[in-house]
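*Asks:* Here is how the chains run, residue by residue.
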Amino acid sequence: MSAAAPPKIRVEGLDAWFGETHAVRDVSLDVRPLSVLAVIGPSGCGKSTFLRCLNRMHELVPGGRATGKVTLDGEDLYARGVDPVSIRRRVGMVFQRPNPFPTMTIADNVSAGLRLNGWKGRLEEIVERCLRQAALWDEVKDRLHSPATSLSGGQQQRLCIARALAVEPEVLLMDEPASALDPIATARVEELMHELKARYTIVVVTHNMQQAARVSDQTAFFYMGELVEVGDTETIFTNPREQRTEDYVTGKFG
Amino acid sequence: MRSLLLRRIRNHLMTALCGLGVLLALAPLASLLWLVVSRGLPGLSLSFFTALPTPVGEPGGGVGNAVVGTGMLVSLACLLGLPLGVGAGVFLAERGDGLFGRTVRFTAEVFSGVPSIVVGIVAYGLVVVPMHHFSALAGALALALLMVPTLSRSTEELVRLVPGSLREASLALGVPQWKTSLRIVLRTARGGIVTAALLAVARAAGETAPLLFTTLNNQYWNLRPDQPTASLTVQIFNYAISPYEDWHQKAWSAALVLLLVVGGLNLLARIAMRNSLGSHR
Chain A
1 MSAAAPPKIR VEGLDAWFGE THAVRDVSLD VRPLSVLAVI GPSGCGKSTF
51 LRCLNRMHEL VPGGRATGKV TLDGEDLYAR GVDPVSIRRR VGMVFQRPNP
101 FPTMTIADNV SAGLRLNGWK GRLEEIVERC LRQAALWDEV KDRLHSPATS
151 LSGGQQQRLC IARALAVEPE VLLMDEPASA LDPIATARVE ELMHELKARY
201 TIVVVTHNMQ QAARVSDQTA FFYMGELVEV GDTETIFTNP REQRTEDYVT
251 GKFG
Chain B
255 MRSLLLRRIR NHLMTALCGL GVLLALAPLA SLLWLVVSRG LPGLSLSFFT
305 ALPTPVGEPG GGVGNAVVGT GMLVSLACLL GLPLGVGAGV FLAERGDGLF
355 GRTVRFTAEV FSGVPSIVVG IVAYGLVVVP MHHFSALAGA LALALLMVPT
405 LSRSTEELVR LVPGSLREAS LALGVPQWKT SLRIVLRTAR GGIVTAALLA
455 VARAAGETAP LLFTTLNNQY WNLRPDQPTA SLTVQIFNYA ISPYEDWHQK
505 AWSAALVLLL VVGGLNLLAR IAMRNSLGSH R
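Line by line, the protein sequences give chains A and B.
Each residue of the first sequence is one higher than the one before, counting from 1 in the numbering used here.
Each residue of the second sequence is one higher than the one before, counting from 255 in the numbering used here.
Don't read these hints as lab results, they were simulated from the structure.
All C-beta atoms, glycine included, are put in the ideal place defined by N, C-alpha and C.
It cannot be assumed that every hint is accurate.
To be verified - Among the chain A residues that face chain B by a calculated CB cut under 7 Å, a handful are:
1) R88
2) R89
3) G113
4) L116
5) V167
6) L196
Construct all of the structure, not just a fragment, from the sequences and the given hints.
*Replies:* As structure tokens, this is what we get:
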């Protein structure tokens, strides 16, 4: 990973509000292509809001608005005339709680994004490829037409990852993807993130510092809506510049 | 120990009182059912469902044209009322937080309390007066106007029950908002909406007042929406207020037929609801 490679995502002076609440304050950082950036910080520090600004989901919340510059391969997501719908096809998202479509089968969940966007063509191969990428194929290949709700929580979350992969995004945003899962399912999702970063750029919000240390190449520490420090994960956890970062990662608060 | 005994006695007494209350509430319903079935059953035969009404004193005859007429009226009302009611409900749930949405919701609430005969007068003024004659269309319009407010409110409630996380999941896949509403949200709420629609249809099928001076009645077969049409409810009304004994018998039998139709629709609604709940687990 050469330092000269242009960033996949560059955030410059990003501010975000919920009504009067200033949730993200003047954040600037770069995300390297094909790497995992972990965003850590105590509850309410704006890390989820920051994540949702990267695919323009934040503005869907009543009172939600954002200003600043977020570029994806040099293209400003917040420029005038940019369609947020097309952004979300390039920047996929996995949520905290597994949210498969309850009326659809396992296979239909995976292909939902393609079908709803009017894609016509053979879906079976795409369904299989995405389920394999999400490490779920072997568990569900004999019951692709069962309801998605028949899966366990951990399986549902991997199904949601497969669903996000099917629309072939370039970036995958994950909002505490393992916080509703048990330790074994969590380990599977973390393993999966290692495999996925060969093809996707990943930004993951997590409450769990060990998880951040295990899965990420870079870590950003947020506190009270501000970005305190961002750097290589090893540096952040062993030799941070800021006292607040050190206090947080060593468990003195948060 | 004494207080325990006292508490047990009080418990049994209260349970018995509640049971008595249930019986008292059910008694009129049971007697109504018994009355309609016992009086209506003797006049029922296959030809009652297929034959045209006969003049006074002539044996046989049935309400075949009224069964068909009610079917046509309700179908036409659905054609007008279902898309409007469901569409308005989806709008209220998804975009109804502004002033316009609040106004629409308030209007629907007021409208759902308007007596059905008033709605009949509106349909009379809107359709019968300009057409210069009674028609199934006018009655169907009245029934549709009765369906829309309640259907839109129940659709709104059902759509609001769909978890926001599903909406987010769809939007995050790059699916536009309108498609998310139609293909994800509405589909998830579909079972409940089918139930609400069936209940609205059952209510519409049992209406008499708004049909009296809109579709009027017809002694013959009619499938033209622009003509006066027989309906079960109006036929019951006409038979019941007549001074003839054999028409009274026919009124009871027609009432039983109507009860079966409405009861069948309610049963269907229950099955639809159970199926939709089952698919969500």
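*Asks:* Indicate, hint by hint, whether the structure satisfies it.
*Replies:* Now the hints, each set against the structure:
1. R88: holds (4 Å)
2. R89: Holds, because the Cβ-Cβ distance from R89 (chain A) to chain B comes to roughly 3 Å (cut-off 7 Å).
3. G113: holds (4 Å)
4. L116: holds (5 Å)
5. V167: Since the shortest Cβ distance to chain B is 6 Å, the answer is holds.
6. L196: At about 16 Å, which exceeds the 7 Å cut-off, the nearest Cβ of chain B leaves the hint on L196 (chain A) violated.
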